[in-house]
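Once you have looked at the hints, place chain B on chain A.
These protein sequences, in sequence, are chains A and B.
Be aware that the first sequence starts at 1, since it is given in the working numbering, and climbs by one per residue.
Be aware that the second sequence starts at 1, since it is given in the working numbering, and climbs by one per residue.
Don't take every hint at face value.
Since the list can't tell identical chains apart, any single copy or any two copies may satisfy a pair.
Dumping the calculated EDC-like pairs for lysine to aspartate or glutamate here, alpha-carbon to alpha-carbon at most 20 Å [stated by the list, open to error]:
#: 1; residue 1: LYS66; residue 2: ASP231
#: 2; residue 1: LYS98; residue 2: GLU126
#: 3; residue 1: LYS66; residue 2: ASP132
#: 4; residue 1: LYS98; residue 2: ASP132
#: 5; residue 1: LYS50; residue 2: GLU181
Source of the hints: derived by calculation from the structure; they are not laboratory data.
Residues per chain are reported as follows:
There are 2 protein chains.
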Amino acid sequence: MQRYLLVVEYIGTMYSGSQTQPHTLSNTSKYINTVQDELEDAISTLTKTKIKTIFSGRTDAGVHSKGQTVHFDCNLEIEPRKFVNSLNGILPDTISVKSLRKVENTFHAQRSAVARYYRYTIVNREQRSAWDANCLLIKYPLDIEKMNEALRYLIGVHDFSSFKKVRTSNPAKICKMYKAEASKQGDYVYIDFVADRFLYNMIRSIVGTLLLIQRKSLAPETLKDILEARDNTKAGPTISPMGLTLMEVIYNNNIDGESL
Amino acid sequence: MQRYLLVVEYIGTMYSGSQTQPHTLSNTSKYINTVQDELEDAISTLTKTKIKTIFSGRTDAGVHSKGQTVHFDCNLEIEPRKFVNSLNGILPDTISVKSLRKVENTFHAQRSAVARYYRYTIVNREQRSAWDANCLLIKYPLDIEKMNEALRYLIGVHDFSSFKKVRTSNPAKICKMYKAEASKQGDYVYIDFVADRFLYNMIRSIVGTLLLIQRKSLAPETLKDILEARDNTKAGPTISPMGLTLMEVIYNNNIDGESL
Numbered sequence: 001m002q003r004y005l006l007v008v009e010y011i012g013t014m015y016s017g018s019q020t021q022p023h024t025l026s027n028t029s030k031y032i033n034t035v036q037d038e039l040e041d042a043i044s045t046l047t048k049t050k051i052k053t054i055f056s057g058r059t060d061a062g063v064h065s066k067g068q069t070v071h072f073d074c075n076l077e078i079e080p081r082k083f084v085n086s087l088n089g090i091l092p093d094t095i096s097v098k099s100l101r102k103v104e105n106t107f108h109a110q111r112s113a114v115a116r117y118y119r120y121t122i123v124n125r126e127q128r129s130a131w132d133a134n135c136l137l138i139k140y141p142l143d144i145e146k147m148n149e150a151l152r153y154l155i156g157v158h159d160f161s162s163f164k165k166v167r168t169s170n171p172a173k174i175c176k177m178y179k180a181e182a183s184k185q186g187d188y189v190y191i192d193f194v195a196d197r198f199l200y201n202m203i204r205s206i207v208g209t210l211l212l213i214q215r216k217s218l219a220p221e222t223l224k225d226i227l228e229a230r231d232n233t234k235a236g237p238t239i240s241p242m243g244l245t246l247m248e249v250i251y252n253n254n255i256d257g258e259s260l
Numbered sequence: 001m002q003r004y005l006l007v008v009e010y011i012g013t014m015y016s017g018s019q020t021q022p023h024t025l026s027n028t029s030k031y032i033n034t035v036q037d038e039l040e041d042a043i044s045t046l047t048k049t050k051i052k053t054i055f056s057g058r059t060d061a062g063v064h065s066k067g068q069t070v071h072f073d074c075n076l077e078i079e080p081r082k083f084v085n086s087l088n089g090i091l092p093d094t095i096s097v098k099s100l101r102k103v104e105n106t107f108h109a110q111r112s113a114v115a116r117y118y119r120y121t122i123v124n125r126e127q128r129s130a131w132d133a134n135c136l137l138i139k140y141p142l143d144i145e146k147m148n149e150a151l152r153y154l155i156g157v158h159d160f161s162s163f164k165k166v167r168t169s170n171p172a173k174i175c176k177m178y179k180a181e182a183s184k185q186g187d188y189v190y191i192d193f194v195a196d197r198f199l200y201n202m203i204r205s206i207v208g209t210l211l212l213i214q215r216k217s218l219a220p221e222t223l224k225d226i227l228e229a230r231d232n233t234k235a236g237p238t239i240s241p242m243g244l245t246l247m248e249v250i251y252n253n254n255i256d257g258e259s260l
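Looking at chain A on its own, in the form it has when it is part of the complex (with noise of 0.2 Å):
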């Protein structure tokens, strides 16, 4: 047995999230498939035996991905560039695979990852774009700067309750933060986060905060307060999944290493 690790794209707007969930009703949608029902379904149409595939984490409805790493095993011996050709033309338009190579079977999508890179996508101008698709309109001026002031209290280890959505059953709330910056390219502001893990929806409450403190001109030191008080009702409102992207899950210790 073979095991093989994906890299895979998506468009998250038209699925209900990455991995398929138990509660997903398939039949009242044709846009409520998840990416990794669609993924199974090509894999094995190209090998011809039943596949099951194991992510590095589940995105959220809506979300999209650059990065998306992807482990499966299986019996035949693939050749990447032709098996990944293939892939990439039996998958819906919004999927796409950017990669596929060998690794070892100790090796876990999920489990061996070391930190994961998200990026959240705004546009900041007064009117929204028909060619703006996958980002978020902010029609008042962001403050970079200031954004910046109150990114840096998120750097280090924390608990993130405060941007833990109640309903998550998973108790750690521990997260060790690398990067929280957000850099401006014309009209388009990126907020970047590396961290070893997030939280449910954790990003797009503390994206949500962030523009709240800006919207409100409070204090950059705002974000710092409502961090240490671990308490989820200080939180702004959680953002719309619209503008944010997986970009890279990252492996082996290093996260300034080479890309997948």
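For chain B alone, coordinates are given in the frame of chain A:
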């Protein structure tokens, strides 16, 4: 009566072209509406009067816009910012209005235009990506220098019959090409055309021919020979509209003038 000029963006994939056609079967599919239908519906809703619009020219089914210009006449005094905001609130996601301004009643979106700027966008890599919906994937490597050698033969005043669809009813075949140039940015190849006018399907026929020349490693002079033949059976295939975008309509006899 006041005349207003709009600059309109759209993703053409979902529309059967920019302008309402007598033969449009708008009841057969929800995607067969034209951009003009949607725009006139939205303006009419806001102004509470039946508004007719004049486009700078027709873009084919599937062609996108970042700078289509449209004029309309209206009795009402319209406040540009507020009106654009309201229009963007009710237009479909894939159509947006960039700006609105008052113009003289002698101004005409189509007849006052002195040039049009179109861009054909190609992504030149081995695999498609879910993120590249609005450009054409070409897998074999493109040689930008050779492309430009060929494109230079199009500059100036020429009879473009070779790149004209047979079924067009317009007898005029002479166009003045100001710019025909390929450039590269990362994996993206842009082919820019500026001319006083373009024949029906002309850019798609030129790009199709240019790609055929590249794929078969023919001499750049081949494009010159095809142009001079004035015979549309000599041209390569008409390429997909997927990568074609109307970037700007130029007025005021100044093709380097300020953008609208």
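(Q) Hint compliance check: list the failing hint numbers for this structure, sorted ascending. (A) Numbers 1, 5 - these are the hints that the structure violates, sorted from lowest upward.
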